[in-house]
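Going down the list, the protein sequences come from chains A and B.
When the letters of the first sequence are read in order and numbered with our numbering, they come out as residues 46 to 428.
When the letters of the second sequence are read in order and numbered with our numbering, they come out as residues 19 to 276.
What the hints contain is simulated information worked out from the structure, not anything from laboratory work.
Any given hint might turn out to be false.
Distance windows between CB atoms, simulated [as the list claims (entries may be wrong)]: (1) A409/A / S209/B: 52 to 60 Å; (2) E423/A / G163/B: 26 to 34 Å; (3) L59/A / L267/B: 48 to 56 Å; (4) M369/A / S96/B: 54 to 62 Å; (5) S121/A / G163/B: 57 to 65 Å; (6) G88/B / L401/A: 57 to 65 Å; (7) K338/A / N68/B: 22 to 30 Å; (8) A409/A / W204/B: 52 to 60 Å; (9) L267/B / E258/A: 33 to 41 Å; (10) R201/B / F288/A: 43 to 51 Å; (11) L59/A / E225/B: 43 to 51 Å; (12) G214/B / A405/A: 54 to 62 Å.
Keeping only pairs whose Cα atoms sit at most 25 Å apart, straight-line, the calculated PhoX-like set for lysine-lysine is [claimed, not checked]: (13) K57/B / K252/B; (14) K241/B / K252/B; (15) K253/B / K57/B; (16) K57/B / K37/B; (17) K60/A / K164/B; (18) K143/B / K60/A.
The structure presented is a predicted model; accordingly, all values stated were derived computationally and were not measured.
We treat Cβ as the ideally placed atom computed from N, Cα and C, and that holds for glycine.
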Amino acid sequence: MDRRRLFALAMKDLKRMVREPGSLFMFILFPAVLTLVFGLSFGGIGGGGQTSFDVAYVNLDQGGAWGGYLLGNLSSLEIFKLEEYPDNRSAWEDLEKGDLQAVIIIPENFGSSVASYWAAPGDPSSWRNTSLSLSIDAGSMTAIQTIPPIVQQVMETSIFGEGPKPRPITIGSPSLVQSREFSLYDFFVPGLFAYGVIFIVMEVGQSMTIDRERGLLRRIRTTPTTSSEYILGHTMSNMCIAFVQVILIFTMALLMGYSPLGGTPSLMMAFVIVVTFSLCCVGFGLITASVAKTSGSATGLAFIFILPMMFLGTFMGFALSPGMQAASRAVPSWWVTDALTSMFLRGLSPTSPAVLQNLAVVAAWSIASLLLGIAVYERFGRD
Amino acid sequence: MIRNMVTDLQKGNTSIVVKDLVKRFDDVTALDGLTLEIKPGELFGLLGPNGAGKTTLINILAGIADPTEGSVEVAGFSMPGQSGDVRELIGVCPQDTAVYDYLTGRENVELFGALHAMPSRDVRKNTDDLLERLSLSGDADRRVGKFSGGMRRRINLIMALVHDPQIAFLDEPTVAMDPQSRRAVWDFIRSLRDRGKTIILTTHYMEEAEELCDRVGIIDNGKLIATGSPDDLKKQNGSEDLEGVFITLTGRSIREGI
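Start from the sequences and build out the full structure, keeping to the hints where you can.
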């Protein structure tokens, strides 16, 4: 194995991915677009076309009408559907359930603080400083990005107006609350990772048959490059593609309001599992390229591997009948989706036995399919 | 192995030896008992119409096809058993242009330099030099998919030679080229020969063989029907050119077979 050859072959494939519009769309943009569309349809931003936020408030202000004045201005905005709660606890419970996007708590000394400001706008030492509490659903990236600046702006314009700065009232750093209820999108997202990667079967099948059709495979065989290096070059480039897919899908999902349980360790484990799964898809791609004699037939043959994995082992899986759900364990993508569901939806640790078992099964599939793919390619695929 | 090869060349050992070579594809005999010797540093032309067996012979010499019968040695290495050693020494320019359309001209050449495990600095130096000599420097950073047919063929040739091989198999390198490009390639091939490279050139252009080759072998229907220098063959057959030699030997024009 020569690393210069491996690097050159992998870079060649990555350049194809970037420079050929069809490949770029199929393997990079399509999974991202799918995540976006699903997010809009079923997720935090979508939520049936959500254009406003359900916000609870608890008004503890005992210093006059300032608190009510602020709430009146907030409720005049179409983007907020304000609902009064009797106490903090009930508001927080609904926020945790996912019924609300935010909770505003106006402190007891809110009114007196505003009054102290207007009594001596230029004398901060005489003010009674306080803080307005704002809690936001961590599952909605849109709420996190949208609500704090709007509340800040309304408070500035409606209470302090053109008065001199600074102000005696600040909005406390928004506390993010994890909702325990999940949207349909939360169920879809783990399957989207596997969905994006399974198309590597087609990519490997097509690129190798194109190399063969155009005489490039023969040409490479006149160089010292071995079959192992050629295959490993493809494997490396597709692992990179899978890595990029994970980043894109995860980023898009977060932007669409996806709120996975688990932190960085879970995300790292997701990378490991998905990239391992990409090896399995390379193996299936090798088999496809070896059996197919043209790039067109490779596209068709690839679906022999893609369709079962797509229907049984990705985001479509949870809608299957009980019988088919049992059968879906026969495809490797199911184990990927199950691992990611365990970490992101069920909150299991990445080192929990269930997740490690998923990883072991995916790894076993990958080793088996790669070895079989290499054997079939050596026997039938080189000419 | 490369050192051994150079030693063999310096001793004047025969570079390529083919004995009683037969290659069959199902019921078609592409090569029929072909015997041939090519010396180190020789520019040897394989002449014949399309389908005569020239490319099949090149493929066997390059280790991408196995002989059905007979023996083949390239630089002292037996084929196909030692084809891995031979690939270190050869450069092959295929008849059909085999390039990556989505890579630039420079990237195609540098890729094949890397496949020969050349140090990056040498790859860049050789690439620049070859692109300059075949008048492609100005277009080197455009994608090959946008190249004209002649430019693609020149890149095809450069990709075979970027690693400065001891033995070059050039399979119809000038086919479909305009006269100006063809002349440029001829000059380039002459410069390779002047540097002591062993070159096996297949062509069905008789004037190309007369212009370039030290010796030629005429193949027809998988058989080697004559070998010698262009002048010797013309004298032996009482012809003014190699086209006449082919007509004398086969009873038909080489063009009829194309």
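Could you tell me which of the hints above the structure violates, numbers in ascending order?
-> No numbers; nothing is violated.
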